[in-house]
Amino acid sequence: MKSFGSLFIVVFVGITASWYFLLVEGVKSLNPSELDTSLQVNGDDVTIIGHEGLAGRGQKVYRELGCVACHTQQVRRPGYGGDFAREWGSRQSVARDYVLQDQVILGSKRLGPDLSNVGSRHEAAWFFAHLNNPSDLSEVTNMPSYPFLFEKREFSGSPSANALVLEGNDTPAEGFEIVPTDDAVALVAYLLSLNLDYDLPESKRIK
Amino acid sequence: MTEDQTNLKSSEEVEDSNLVSLNDKNTFISPESIGYLAIVVSIVLAVIYLARFSGGFDSEQYLESSGIASKMANLGGSSGGLEGGDPGAFDPIKEGKKIYQTTCMACHQVTGLGMTGAFPPLAESEWVARDPELLARIVLAGLQGPITVKDTEFNSIMAPLGSILNDEQIALALTYVRQEWGNTSGPVDAAVVTEAREQSGERGMWTVEELKSWITD
Amino acid sequence: MESNLTLSGTAAIDRSNKAPFLVYLFSALKWLFFASIFGYLASWKTHNPEFLNSWSFLTVGRVQAVYTAAFVYGFGCNIAFAVSLWLIARLSGTEIRFRLVLIIAAVFWNLALTVGVVGIFMGDLNAFEFLELPSYVGLPLFLSSLIVCVWGIACFKNRSYSEFYASQWFLLAAFLIFPWIQIVAQIMLFVNPVPGVVQALVASWFASNLIWLWFGSIAVAGLYYLIPKLLGTNLLAYGIARRAFLVFVLAGTWMGAARLVGGPFPAWMITSGIVASLLMIIFFVITGINFFGTLWQNRSQIVGNGVLLFASFASLALLISGVGVVLLSLRGVAEVSQFTILLDAHRFLIFYGVFSMTMFSVVYYALPKILGREWPMDFLVSSHFWIAFIGIVMLVVPLTIGGWKQGVAMNDAAVPFSEVVRFSSYWMVARSMAWIFLTMGHLALILNVIGILRPEVETCIEDLTRTETDAVGGVES
Chain A
57 MKSFGSLFIV
67 VFVGITASWY
77 FLLVEGVKSL
87 NPSELDTSLQ
97 VNGDDVTIIG
107 HEGLAGRGQK
117 VYRELGCVAC
127 HTQQVRRPGY
137 GGDFAREWGS
147 RQSVARDYVL
157 QDQVILGSKR
167 LGPDLSNVGS
177 RHEAAWFFAH
187 LNNPSDLSEV
197 TNMPSYPFLF
207 EKREFSGSPS
217 ANALVLEGND
227 TPAEGFEIVP
237 TDDAVALVAY
247 LLSLNLDYDL
257 PESKRIK
Chain B
1245 MTEDQTNLKS
1255 SEEVEDSNLV
1265 SLNDKNTFIS
1275 PESIGYLAIV
1285 VSIVLAVIYL
1295 ARFSGGFDSE
1305 QYLESSGIAS
1315 KMANLGGSSG
1325 GLEGGDPGAF
1335 DPIKEGKKIY
1345 QTTCMACHQV
1355 TGLGMTGAFP
1365 PLAESEWVAR
1375 DPELLARIVL
1385 AGLQGPITVK
1395 DTEFNSIMAP
1405 LGSILNDEQI
1415 ALALTYVRQE
1425 WGNTSGPVDA
1435 AVVTEAREQS
1445 GERGMWTVEE
1455 LKSWITD
Chain C
209 MESNLTLSGT
219 AAIDRSNKAP
229 FLVYLFSALK
239 WLFFASIFGY
249 LASWKTHNPE
259 FLNSWSFLTV
269 GRVQAVYTAA
279 FVYGFGCNIA
289 FAVSLWLIAR
299 LSGTEIRFRL
309 VLIIAAVFWN
319 LALTVGVVGI
329 FMGDLNAFEF
339 LELPSYVGLP
349 LFLSSLIVCV
359 WGIACFKNRS
369 YSEFYASQWF
379 LLAAFLIFPW
389 IQIVAQIMLF
399 VNPVPGVVQA
409 LVASWFASNL
419 IWLWFGSIAV
429 AGLYYLIPKL
439 LGTNLLAYGI
449 ARRAFLVFVL
459 AGTWMGAARL
469 VGGPFPAWMI
479 TSGIVASLLM
489 IIFFVITGIN
499 FFGTLWQNRS
509 QIVGNGVLLF
519 ASFASLALLI
529 SGVGVVLLSL
539 RGVAEVSQFT
549 ILLDAHRFLI
559 FYGVFSMTMF
569 SVVYYALPKI
579 LGREWPMDFL
589 VSSHFWIAFI
599 GIVMLVVPLT
609 IGGWKQGVAM
619 NDAAVPFSEV
629 VRFSSYWMVA
639 RSMAWIFLTM
649 GHLALILNVI
659 GILRPEVETC
669 IEDLTRTETD
679 AVGGVES
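Chains as they are written, first to last, in this note's numbering: chain A, 57 to 263; chain B, 1245 to 1461; chain C, 209 to 685.
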């Protein structure tokens, strides 16, 4: 290294090359115009969507709670890791699956299961009960409960249509019900929308 | 960018720390030759890896080498891949349920029972059994004002969903609703929704009064 | 500009750069204390999920984000600014001019970071590692760091010495790269977000370059300076250090993609990251020889010398994490290690074992020189080292073993997921224990810094409380 000039050139090339040939290339080849979001695969119509409306609000709640600290949303291909064997997905998730999403939350740690296909694994009622108190549904779990996503309130007459049906120790006292807040409803709608149950040319399901 | 170094003096750093490189250690293998060895080894490894696993630099290629695709196919169950078991079949009820649960559930609830005093129920509702053209219009442009459902009066707002859902999605959601929670009506076709969208055009929310012509029971 | 004529050159430069160094050091230590608490809390919550769980602002996802932000941007960046400015000034033989601007930059950095951390508590966090801070603090943070980097480069350009040392190469690379990666991340993720998974690619590129080309660079610069100076001998392979630097800058910037293996990315992107990691063998071997090799040859000098103890550990940690970088990038290994706590251990080893320990080393060396007096409690320096050593080993080793087991079990569908959760919790307890030791070490450092600054504080108080009659008497005290 002889002078600042040559150092500057080397550093510039180093950082700009990776920026251009990796990131900018990525933008050029993995965007919605390059990757059709409405296509036919094996005679079926496949439409990729972002998360809209309620599910979109739910993605915001997911991000604001920091769920990414323990959950991923990417399925590795069958044969690489245990994702396929654990029925977390029947095909690898690919760029096209995420191309219309606002903020992609792939995650990098699995202290809890992968959530790419969780919408097809559980019903809404299960999600509400799980968020309220995970240890109700799983004997051994490291997931914290989210009591601030729910409201405990009194009711007269019949309980609300969206009150949680709980058993055992968690059943609220007589005359009280536990009702999800708007954030909880949005979050559950988002989780229910997480589903990769369609084929793509670059990634086909294996049963 | 050239440096004019003639005016610069030598630093005290040089005087007291001897950074000028002189290999004066009598070792069998000089540290520098280990360094050169590392350079050669790592370049060789890098080139081999790049040649084998680059996937042809194709941005639609997710498998790093060609043998993997066949290995993956062997992981399938006894149906041996995509034949049999109908994995590609499209289940409209399932699709409609997904749309319902991500868009309609907020108000009408997962049980279809709605919220007392706020949102009408869909379960065993006479409205759900009515003309699909009526239902399509309500979903597309929204509804406001008083409405009686199952002998109960409601007076709130249903937001228009015409810009959030497309015709196919609305048809699927309606199909799902019409067969769930005790409802026994037939499916809704996307063409009906398309026609309703065209005929209604850009409009504000419906009132029950305006929808009278589609209420035939 | 000629520096103070009454003191010798280097010492004069140190004294004149006192204010920025102290300001950044104080900020760093304050955030270090805060980060230690949240590091412990975040770790505790991973195996005791119901602890302090009822409020949204203390939910585990947000606590993790607060810990990362406070530790990396609060402690890490502040100490990086302090050390890099001191080092470039020393090696250039120049005073830093317009130091007040640096101090204002420090104030803004810490203010913006505080706003950001409060934002995270309120829920404004992002889902990218090392980019959790809300986007509205991105600009003030960028501008503050830009000032530091520009000042550092300017100091070099005004240098009075002719040599161009390895330390300076790495410092300049850091100064040039840090602002650029921030701009890229802020624009491509928040101002004008790129589509889909490219966001994760940008985030991974940023994270890797932050860890290696900002923090790693400054650490390596510190080691290139301290080791030959303190041992009084040549580095074993200094002649080829330039090659290591070239590889570091040309290939090291590509490493980020390797972390995304198995993810929704075309194979070539991931392969590029792995190839870059393989080329980095050159860097790790050469710096390994230069640091660890030279230290090993002169190991008798290390014992009892606090500064060298920290530097030696950092050199060893650099070598080990280099092995980790290469191995963990390979697809076969990543299949097991990915998504596990093993990656936590590796990141921690780099950020704490290499970077933080080098920073401690430089602070223990530099502050006495800057203030012109010794550490009041010299035993605390080596105590800090040994406590930190225990803490780091207690964190890295169990998480590595536990993480590998966790990965193996996760890939085996016959093991129910709840079982994986159960046994990996036990390994994570070690991390919480480690944080107790690490916090004690931080307290030792803080105590020593307060101690060494007491005379200054006392003089300040004296000046402020001197009575009017004394002043009027016109006697210089």
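Don't read these hints as lab results, they were simulated from the structure.
Please note: incorrect hints may appear among the correct ones.
Result set (BS3-like, lysine-lysine): computed pairs, CA atoms no more than 25 angstroms apart in a straight line [stated by the list, open to error]:
| hint | chain 1 | residue 1 | chain 2 | residue 2 |
| --- | --- | --- | --- | --- |
| 1 | A | K58 | C | K437 |
| 2 | B | K1338 | A | K260 |
| 3 | C | K613 | A | K58 |
| 4 | A | K260 | B | K1456 |
| 5 | C | K613 | A | K165 |
| 6 | B | K1394 | A | K263 |
Taking only the CA atoms, is the gap from K58/A to K437/C under or equal to 25 angstroms?
holds, 22 angstroms
Straight-line alpha-carbon gap K613/C to K58/A, limit 25 angstroms
With Cα atoms ~48 angstroms apart, K613/C and K58/A exceed 25 angstroms; violated.
Hint consistency between K1338/B and K260/A [alpha-carbon to alpha-carbon, up to 25 angstroms]:
holds, 20 angstroms
Hinted pair K260/A and K1456/B, Cα distance within 25 angstroms
At roughly 48 angstroms apart (the allowed maximum being 25 angstroms), K1456/B and K260/A break the hint.
Sort out whether K263/A lies within 25 angstroms of K1394/B, counting only the CA atoms.
violated, 45 angstroms
Do the alpha carbons of K613/C and K165/A lie within 25 angstroms of each other, as the hint requires?
It holds: about 15 angstroms lies between the C-alpha atoms, which stays within 25 angstroms.
Hint check: violations occur at hints 3, 4 and 6; the rest are consistent with the structure.
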